[in-house]
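Visitor: Here's the letter readout for the chains.
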Amino acid sequence: MKNTDLYWNLLLETLPRDKLKALQFKKFKRIVKWGYENSKLYRRIYDEAGFTPDDLQTWGDISKVPMLEKEHYRTAQAKDPWPYGDSLCVPIEKVTEYRQTSGTTGQPVYQPDTWQDWEWQSECWSYILYAQGFRDTDRVFIPFGYNVFTAYWNGHYACEKVGCEVVPGGILNTEERLLKIKELRATAMMATPTYVLGMAETCRKKLGIDPAELTIEKILCAGEPGASVPATKKRMEEAWGAKVYDHVGATEIGGWSYECTSQPGGPHVNEAFFLVELLDIDTGEPIEEPYRPGKIVITTFDRLAQPCIRFDSKDVSMWGDPCTCGRTFRVLQGGVHGRVDHITKVKGVLFSPVSVEEVVRGIPELGDEYELVVTKKGDVDVITLKVELDPQSGTTPEQLQPNLERQLRLKTNLAYKIEFHPFGNLPRYQVKAKRFKDLRKHV
Amino acid sequence: MLSPEIDYKEMDRIIGDVKSNIQRLMEVSGGIQCVDRNCERIMAAIKMLELNISDVQELLP
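Residue numbers (the numbering used here), protein chains in the order written: chain W, 1 to 443; chain V, 1 to 61.
Looking at chain V on its own, in the form it has when it is part of the complex:
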């Protein structure tokens, strides 16, 4: 059931943006543990968004 009112491509694009932003945050953290460790957790959650939404993009119309 591919609901026409849901823009999966846009969701995928935003997921990519969020991931890039967190990766940039990790790069500039200077090794501050509270930043790195929280970013790692966020990255795991982003991975779940990728598994749920991004992985299937190439198969959608």
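So here's chain W without its partners, still in its complex pose:
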């Protein structure tokens, strides 16, 4: 195989780190200038902070650029030019695509894109697909209800760009989608980890088919951390007899990272198209060393209608070791570990819900679904973990509970109130699951 066959872009993906950093700084300055000159939102934020693009002289000056949060978009939008308001950087007639965020954390953010932006999104996703082995010989099934949410739209268009044959799963229900995968002998698909596991369950329980007997060879996951959680990845790979790859992206940002076929334990950041900064959660200090968790602040270099400059994603991750695949793009070990606003103190202990997923999905007798609820009883925090026993497991809650409690304590240093629910009773999700609920009043 030629080197050019291994990468979507041999030049950028293997660029020496010093040149990559120089390219990033050049592009960073370019997009900051664009935002300042074309967006009332950025102009206002920068003016208030006393910052101008000319202040960017060295790499160290990047931290002088004021950060942006989702709330900035919300307050700038819902006014003329409708509905994007002050966040829009191009004439409204240049906008060809509307999408919006899911609204999980409040009022949805409207996302405008020009045709060039949309082409750029497909380009970012082409890096993702190619790194995960998607080729023109693949028939890709997309089990996604094409709608106002970004989700797999760009996956669809990037498949076309890479040369794959795309099958849009649209409004089909889960059983119909599975039957279509079987009928067409699809070789790949893309979905949230929750839905990948849900599809496998439906396949076995309702169709009486082992999903591993279908022809799916690779699955691209997005929307949730699962594909970088080893136990969840293992469950998906075993269920489907396929390789499962992670990807992290967001509506306001784009498809900014991808796991490669070397599966280094997390996704590479596409550092030619994005700047990812990891900042200490408490101090805001930049983190360059591996294995130290930090908050992801991200800049999109080339998206113009609504730029995303030093956007505080509220996601948490950490740098990993260099990958063996030859890419010089850094790896985020473990993908996204969770959100800053989900990593909270419970009983005085720093608690990340994703660590519970690793335990639950690592116990084969348990079903795929779980739910975490934090409440307060008097002055004491109580974490309730709701799980389902796999009916085929041949065990009982009483037999399983001590092992589950022990593993949870080892992993999180916390005690849990465990509830076993009848199999199938916990909610099933098609897109992003909402498994963590913090019901304490002070939160």
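Mixed in with the good hints, there may be bad ones.
What the hints assert, rightly or not - Derived lysine-lysine pairs resembling DSSO-like cross-links, with alpha carbons at most 30 Å apart:
hint : chain 1 : residue 1 : chain 2 : residue 2
1    : W       : Lys376    : W       : Lys347
2    : W       : Lys161    : V       : Lys19
3    : W       : Lys64     : V       : Lys19
4    : W       : Lys29     : V       : Lys19
5    : V       : Lys9      : W       : Lys21
6    : W       : Lys21     : V       : Lys19
7    : V       : Lys9      : W       : Lys29
8    : V       : Lys19     : W       : Lys19
9    : W       : Lys33     : V       : Lys19
10   : W       : Lys432    : V       : Lys9
11   : W       : Lys205    : W       : Lys180
12   : V       : Lys19     : W       : Lys26
13   : W       : Lys2      : V       : Lys9
14   : V       : Lys9      : W       : Lys19
15   : V       : Lys9      : W       : Lys161
16   : V       : Lys9      : W       : Lys26
17   : W       : Lys33     : V       : Lys9
Claimed, not checked - Ranges between beta-carbon positions, derived for each pair:
hint : chain 1 : residue 1 : chain 2 : residue 2 : range
18   : W       : Gln107    : V       : Arg41     : 29 to 37 Å
19   : W       : Glu48     : V       : Glu40     : 30 to 38 Å
20   : W       : Val148    : V       : Val35     : 40 to 48 Å
21   : W       : Gly60     : V       : Gln57     : 24 to 32 Å
22   : V       : Arg41     : W       : Thr375    : 48 to 56 Å
23   : W       : Glu238    : V       : Arg24     : 55 to 63 Å
Think of the hints as simulated: they come from the structure by calculation, not from any bench.
From the three backbone atoms N, C-alpha and C, an ideal C-beta is built for every residue, glycine too.
Once you have looked at the hints, place chain V on chain W.
Guide: Frame of chain W, contents of chain V only:
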């Protein structure tokens, strides 16, 4: 990995030529929509070539 057998400078030059040609086509289109709109799409694709190849030229040996 800067493969010596790939001439990035020449690629960059051709990308520039293609861009100039499409810009000229738009100038002489007389406002014919099918020309202008298709050219706009081609320009977006050319931009992707610039992001992938041309943007990094000054950093290459």
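Visitor: Each of the hints needs a verdict: does it hold here or not?
Guide: Consistency of the hints with the structure:
1. Distance hint between lysine 376 of chain W and lysine 347 of chain W is fulfilled; the C-alpha atoms sit about 10 Å from each other, no more than 30 Å.
2. Proximity of lysine 161 of chain W to lysine 19 of chain V is assessed by CA-CA distance (about 20 Å); at most 30 Å being required, the pair is judged to hold.
3. At roughly 36 Å between alpha-carbon atoms, lysine 64 of chain W and lysine 19 of chain V are farther apart than 30 Å, so this suggested pair is violated.
4. Straight-line distance between C-alpha atoms of lysine 29 of chain W and lysine 19 of chain V comes to about 24 Å, which keeps the hinted pair within the 30 Å bound.
5. A hinted pair counts as satisfied when its Cα atoms are at most 30 Å apart, and lysine 9 of chain V with lysine 21 of chain W qualifies at roughly 20 Å.
6. About 27 Å separates the Cα atoms of lysine 21 of chain W and lysine 19 of chain V, which keeps this hinted pair within 30 Å; it holds.
7. Our distance criterion of 30 Å between C-alpha atoms is met by lysine 9 of chain V and lysine 29 of chain W, whose separation comes to about 24 Å.
8. The suggested pairing of lysine 19 of chain V with lysine 19 of chain W holds, with an alpha-carbon distance near 26 Å, which does not exceed 30 Å.
9. The hinted pair formed by lysine 33 of chain W and lysine 19 of chain V meets the criterion: a straight-line CA distance of about 24 Å does not exceed 30 Å.
10. Restraint check for lysine 432 of chain W and lysine 9 of chain V: not satisfied, since their Cα atoms lie roughly 45 Å apart, outside the 30 Å limit.
11. Taken as a hint, the lysine 205 of chain W and lysine 180 of chain W pair is honoured in the structure, with Cα atoms around 17 Å apart against an allowance of 30 Å.
12. Restraint check: the Cα-Cα separation between lysine 19 of chain V and lysine 26 of chain W comes to about 22 Å, which is no more than 30 Å; the hinted pair holds.
13. A threshold of 30 Å between alpha carbons decides the hint, and for lysine 2 of chain W with lysine 9 of chain V the separation of about 21 Å falls inside it, so the pair holds.
14. For the given pair, lysine 9 of chain V sits about 16 Å from lysine 19 of chain W by alpha-carbon distance, which is consistent with the 30 Å threshold.
15. Annotation: proposed proximity of lysine 9 of chain V to lysine 161 of chain W holds, straight-line Cα distance about 24 Å (limit 30 Å).
16. The straight-line distance between the Cα atoms of lysine 9 of chain V and lysine 26 of chain W is roughly 19 Å, inside the 30 Å bound, and the hint therefore holds.
17. Note on lysine 33 of chain W and lysine 9 of chain V: the hinted pairing holds, with a Cα-Cα distance of about 27 Å set against a maximum of 30 Å.
18. Checked against the hint of 29 to 37 Å, the pair glutamine 107 of chain W and arginine 41 of chain V passes, with Cβ atoms roughly 33 Å apart.
19. Between glutamate 48 of chain W and glutamate 40 of chain V the beta carbons are some 36 Å apart, a value that agrees with the proposed interval 30 to 38 Å.
20. Checking the proposed 40 to 48 Å range against valine 148 of chain W and valine 35 of chain V shows it is violated: the Cβ atoms sit about 32 Å from each other.
21. The hinted window of 24 to 32 Å between glycine 60 of chain W and glutamine 57 of chain V holds, with their beta carbons roughly 26 Å apart.
22. Checked against the hint of 48 to 56 Å, the pair arginine 41 of chain V and threonine 375 of chain W passes, with Cβ atoms roughly 54 Å apart.
23. At roughly 57 Å, the beta-carbon separation of glutamate 238 of chain W and arginine 24 of chain V lies within the given 55 to 63 Å, and the hint holds.
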